[in-house]
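> Please build the complete structure, drawing on both the sequences and the hints.
If you're matching them up, the sequences are chains A and B in order.
Here the first sequence is numbered in UniProt numbering, starting from 1 and rising by one per residue.
Here the second sequence is numbered in UniProt numbering, starting from 1 and rising by one per residue.
It should be emphasised that the hints constitute simulated quantities derived from the structure, not laboratory data.
Treat the numbers as computed from the prediction; the structure is a model and nothing was measured.
A few of these clues could be false.
[As the list claims (entries may be wrong)] Simulated coverage check for chain A against chain B, where a stretch passes if three residues somewhere in it have a Cβ under 8 Å from a Cβ of chain B: (1) 31 to 40; (2) 56 to 67; (3) 77 to 91; (4) 249 to 261.
[To be verified] To be clear about the criterion: a stretch of chain A counts as covered by chain B if any three or more of its residues have a C-beta under 8 Å from a C-beta of chain B, and this derived list gives those stretches: (5) 367 to 376; (6) 383 to 394; (7) 443 to 451.
[Claimed, not checked] Below, simulated DSS-like cross-link-like pairs (lysine-lysine); rule was C-alpha separation at most 27 Å, straight line: (8) K64(A) x K483(B); (9) K457(A) x K241(A); (10) K330(A) x K13(A); (11) K64(A) x K929(B); (12) K929(B) x K900(B); (13) K678(B) x K517(B); (14) K300(B) x K299(A); (15) K682(B) x K787(B); (16) K517(B) x K483(B); (17) K330(A) x K430(A); (18) K480(B) x K64(A); (19) K395(A) x K430(A).
The C-beta atom is built at its ideal place from N, Cα and C for all residues, glycine as well.
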Amino acid sequence: MSARALWVISHDKGERVSVRFSRRFSTVEHRAKRLAGSSYVAIPDDNTVLQLLLTELGISEPDKPYAALRDDCLDRQRSPALELRVDAGNRVLWPVLAMSRGPLILACLPLVDVPPGPRPPLAHLLSVSQGLTLLAGLHAFLLGSGSRPDSEGLASRLAALPSVLLQACPLGTPLDVPALGASAPTAHMPAGNQKQPAWKTGLHRGRPVVNLALIETVRSMQYGSRARQDLWDVYGTVTCKCEVEGVLPNVTVTLTLPPNGSPLQDVLVHPCVTSLDSSILTASSVDNCDGSAFSGPYKFPFSPPLEPFRLCSYTSQVPVPPILGSYQLKEEEKQLHVSVNLKLHESVKNSFEYCEAHLPFFNRGQIGVADVKVSSGQLDVSKEKSLLVWALGQKFPKSREVTMEGKIVFWGPTAGPTDPLCTDLTAYIKLYFKVPDMTLSGCCVDQHSVQVYSSTKPRITTSRELQSKEYFIWNSTGTAPVSSGHMIL
Amino acid sequence: MAVNWAERIEAFSRCPSGFLSGTTVDAFLAELLRELRDDKATYSVKVHLLSPLCEYPTLLCPSDSVGEETALELMSVFTQCPPRYVEFRCHLLLATTSVLICTACVSSHSRASQDFLKLLLEIAQDIGDIQGDGTLRALRATSCDCLREMEACSPGLLCHRLELIDGLRQQETSRLHQAFAGLHTLVLRNAVYQLTQETGAGAEHLKALLEGNTSVAWESDQDSGMLSNKDSGVLSSLILEPMGTVPTLHTGPDCKELRSVLASLLEESFLLTPLSQAELLHRLTELVAMVPGVPPSIFKAQLLRLLGTSEVCLFHSTLLLKCAFTDSLFSAEDEAFILKRLVMLSQHPLLTTAETLFYMDCILHFPENRPISCGESDEMLPVLLTPRLASALVPTVFNESSTMLARFNLHCLVHLEEGGEGEVEEDRGVAYLYEHLISLMHIVENGGSREIIVTFFRAAFLFLFYLYHIEHYSNSLMEKLCKLYLHHTQLGPHLINLADQTQDRLSESRWALGLLKALQKVITDAPLAQLTLQDVHWHLKILSRIAEEGEIPQPGTIHFLSSIITRSSSSLCASGDWRLGSSVLRVCRRLLVHPSLDSLLIPLADILQHLACHYGDTDIQDHSRLYYTLLTTLSKEKLAEVLAQGAVEEGRQVKKRSLSCIEGEGLTSMLTIQQTEKVVFKLVAVEPDLKEETSQESRAPIPNEAETCLEQVHTTVAAYRAQFSNPDFASELTLTYRLVHVEVCDSRFDHLFSIRLHFNLTDEYYEELSDLSVPCLFRERPSPVVKLRLRPRQPYSTTLHASAIFSTQDGLSWHTTLPDIQVCFRQTFMPLPAPQSWGRAEKLHLFEGLWEEICSEGKANEEQSDCATSLLCCQLKDAALSFLMEKHFLPFLVSELSNKEEFKVLIFLPPKSHVLLKVSSEEDTVHFKIATDNWQLLSHIGSYLLAITTHTTLAADCDASYWVFKSKN
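Structure (structure tokens):
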């Protein structure tokens, strides 16, 4: 349950690739040699590993349209573990885990702790999930909060890696993920029998503060067609920042639903949650058969770490999408007739932080004339002349309905973004919005239900918001791609 | 000078073997250890210095004894290091651990390893950290990590210390308890494993072990509890298959002591980080699996917490629990619940791609309570995974590539099982998968990225792999692929690859053959007029793959070839594009061995003949002629045999490379002369050694000037002139070069054979040169000398183009171009071709005679004569003049070098020109009196003198202030 080696690679969209950090764990390698016997495959030097890895990830030789090793249709790219073909393809280094985010690719080679013989399934190797956790932790550490760190920040964090690994993975066996913030080692425990959790870097002193933020994200695919059912789903996360005194303080947060709310599904909790009621876990989005399921209150007793963390997440099936849209395009000679209608559901608070509708017209030429009228908001053509941006502002009109109607003429070649899912009448509107202080599921964290076992009265703040992601309204006169399995059953 | 250690260490890590080739292991190790002891070095640098020892201990310590010494050295550095350098001391512990483990010092109980173990245990127990500044705690944590690694690599090493470690774990209230818990579980697990290997071991032994009474625990080997080194079983995870065999220890139901230890570990597991918790759970799972006396229900209290977790490694350890204990810990409802959870996690929007892929992999290897078969089959669906449940994981075009492929694969399996016999065609699921594949194809058609193209072909392969037997779909896919190809010929290699792989993996299916046949049809049916050169290129590739199939009739291909090369509008033949020509030939070559050759003979011969006569590239013509000859003169059997060699080499391996390598297949490439892309080697002039040229000069005494009589002069000149009656006399210039590799390394060209150098003139001043042969050129050997024999018509500077043909070790022939060779004016100078017997006296006579002749001739016959004289003056000091004469004119000097009043220089320029110089110093000015029998050389010699005197003045640090150039003509 250890890693043989670890690599940090930086690149710029597949170019200027270099190994920025690498670490071989010699004692784990020693075990790997003994375990594998004659089928042992040594790790080649960093540059070779880099080339092989890029080939497997499909980003080597970016200027070649086809490369046999890279593009073979037999390749098992669907597995999280890659095979590196070393020694001119004669031997295979497996299972290499690679995680790519932003400008970084992180990779490690977990130890296969089974006797030589047929290759074991990944599911039998604990080192694989541990490797994934370690890589995700290192990613978060190296990239910081944004996915595009400044190069200086990255360089300094890379330079800190040896001391970070001394704590997190000194000899190849991962013990912890690197701490995100700079955590000064705090004073030793006061006398007492309570053991300090290993994931708690220090102790808080001062007035207890509990900060809870509930964010719901709604996704939707609307087709405006009888043949296809519109789809939408909602998932929520509760992020928590707790500063409470004590070695292992107890905090309980309760999520509640309105009386007719549909139960929270797919609940996942942070490891600091001390116990769970089985009824909280029963509702699942993958088999929505049980209507009489438990619908709260959802109690999460936990002992918080010092840094902010995601206490829990859930999904929810809400009866209606927050904005229902229809989109129709008609091709008339050389112009395109556009007709859009967006309707805000009455249950949604009509107070947005922002609300924008994007209408891309890719693969058509530049937008020459846009003779389009909107009943509300402002219309803009993007710099590349391939996108209409309709800014709806903070509020829908009283009728809760807005429309767009008009004609667009295209000419000239287009440059800029493309999307193979946006050709001819296969076209969509993508909505971007955020509504503060509301959730679709009705789920909320009641400030008064937060229990903190502490001598002083804690300051508790809660917030909630709804945001959109992948919110599509497809042109109903064209063919739209299938997006979910619910359609086939 | 300070060595930049950070850079050196980085260079070492980048490529240790490369780095060590520049130094020796001993030296580098010694340097590292010396620097570690150096008080001047900073501790941050010293931390760097330890990384080679941590990462590559066996490279730096090639033997156990070196390892032992190095470890002792590191330990002494440790004891001398001030305690405040915690990080360095921690790294020192890690380095020592690495060295001792990897050099087998630990397994052989060497003295250093015993001492080190003692040191680690001392540090681990040191609780003197009352002030609590945390420094000691970091060191204690690292020492625990080291102890654990030593136990992991030498299981049983610490079994005698079990009680001690348990005590430390229980006492510890700081975060360090995690390190002790990890160490404790591992030692306990290894110790119990060891007991399972002892015959007759039971409850008593286990109890004794836990109480630290090891003398009772180990009956067979009281001395050491360590397991033999050969047993790597103890290193392996014990949780493999639900049906796997785990070594067991029979204790009866009463193992209170063990239970209480386990309970305490589990109870505190919540306090560990998820990673350590997963590890702990896994070790405890193994332990409980080995001791049937402990019921698996001991884990029950942890389960809900673990099943609800968002951490992948914690959920995974729960799956491993299930794998180990199946229905003794998990009910059927639990199983259904866990599977649902897995499906949910496999598509959870908040998880990373790698995590969801891992969960999907877990579904395909789901640890069922009652698996139907425990066969070797790679991927199997759990019985409980209904199509309804799986529908949460249908692939969509919105998925990222690998997720989409994983889902596609899963659904192929779902519908493969679902369909059963006969009803498959009715399955809506398969219909969905097919539709999905077609939507992907539409994206490819609409200009999808390279990633989407590759993903589409991978999905197509998966579809065929599982569902090829549903002909309705597989035929329709074939048709659509052909259409796709016709509009996007650049997808040719993908299609060939798909055909290759389906043929390889689905031997019972004829789909690949069908696809190739269909492709042949669309290629040959398409109107030629619209073909671009690029299309032709890909068509030929596909056709050459099709020609490999004996079962596919080839008239269509023949027809296509013949139309593209004979088409009146075709510029194909005229263009002489070598690549295209060889693509055509590659198809022809495959056809030559095709079983239906008899019926193709005449049209194929026509094609080859046409190419041989009309193709615009000689190489292609030659090959066509060869193929034509082979085809028309050899019987089918012989032809097959001649071409068989190539075919064997080609075999499956080349096919596996999917014909992507454009060149280099079998006989064709053996016979083809390939063009190198870059310069491989060049000719480098060897500077003539002036001393050597002059050394043969006879050192006869110089005759007194006064004695020189006119008659003697005349006879000398006549004798000299007589030599030229032979037209070959002194007509050649020999220039010496070395043939050397260019610096850019291409290992294919390191060893070259049979190099034939060919030269082309760029002007008419020289006769044609003959080719030169060099037997071989090896990069590592001294470069061969090449003598270039030039026959000038006029002795002027020139440029030669050079090229070469050679073969490489793999038998391929290559043509390459060398950098041009510049022959400068100076290189045409030859010493006087005087008879061997002549001494300086005769040469002086000749000089005087020629000088006289030229001067008088020039005066008498100014218009027609070739003779000319001239005077050049320059300011040059005496010393500079001597230097100049010695450096540039020594081989041509007829007067004594010591005679500084007047230097007489006689230069011969083949085939029959002379330049005579009288050089004298008059006051500050040097006069170069020039006489030549070829007036056209005057300007050349003028510029040459200008060049060397300027150079000399600069070299001699004098001023050359002015020049006078007077021509007496």
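> Work down the list of hints and note, for each, if the structure agrees.
How the hints compare with the structure:
1. 31 to 40: holds (count 4)
2. 56 to 67: holds (count 4)
3. 77 to 91: Answer holds; 4 residues pass the 8 Å Cβ test.
4. 249 to 261: violated (count 0)
5. 367 to 376: With 0 residues in contact (Cβ-Cβ under 8 Å with chain B), the coverage given for the region 367 to 376 of chain A is violated.
6. 383 to 394: violated (count 0)
7. 443 to 451: Answer violated; 0 residues pass the 8 Å Cβ test.
8. K64(A) x K483(B): holds, 23 Å
9. K457(A) x K241(A): Status holds; Cα separation ~16 Å.
10. K330(A) x K13(A): It is violated: about 38 Å lies between the C-alpha atoms, which goes past 27 Å.
11. K64(A) x K929(B): violated, 67 Å
12. K929(B) x K900(B): holds, 15 Å
13. K678(B) x K517(B): violated, 40 Å
14. K300(B) x K299(A): holds, 21 Å
15. K682(B) x K787(B): holds, 14 Å
16. K517(B) x K483(B): holds, 13 Å
17. K330(A) x K430(A): holds, 19 Å
18. K480(B) x K64(A): holds, 25 Å
19. K395(A) x K430(A): OK: K395(A) and K430(A) at ~18 Å, within 27 Å.
Hint compliance for this structure: hints 4, 5, 6, 7, 10, 11 and 13 are not met, and every other hint is.
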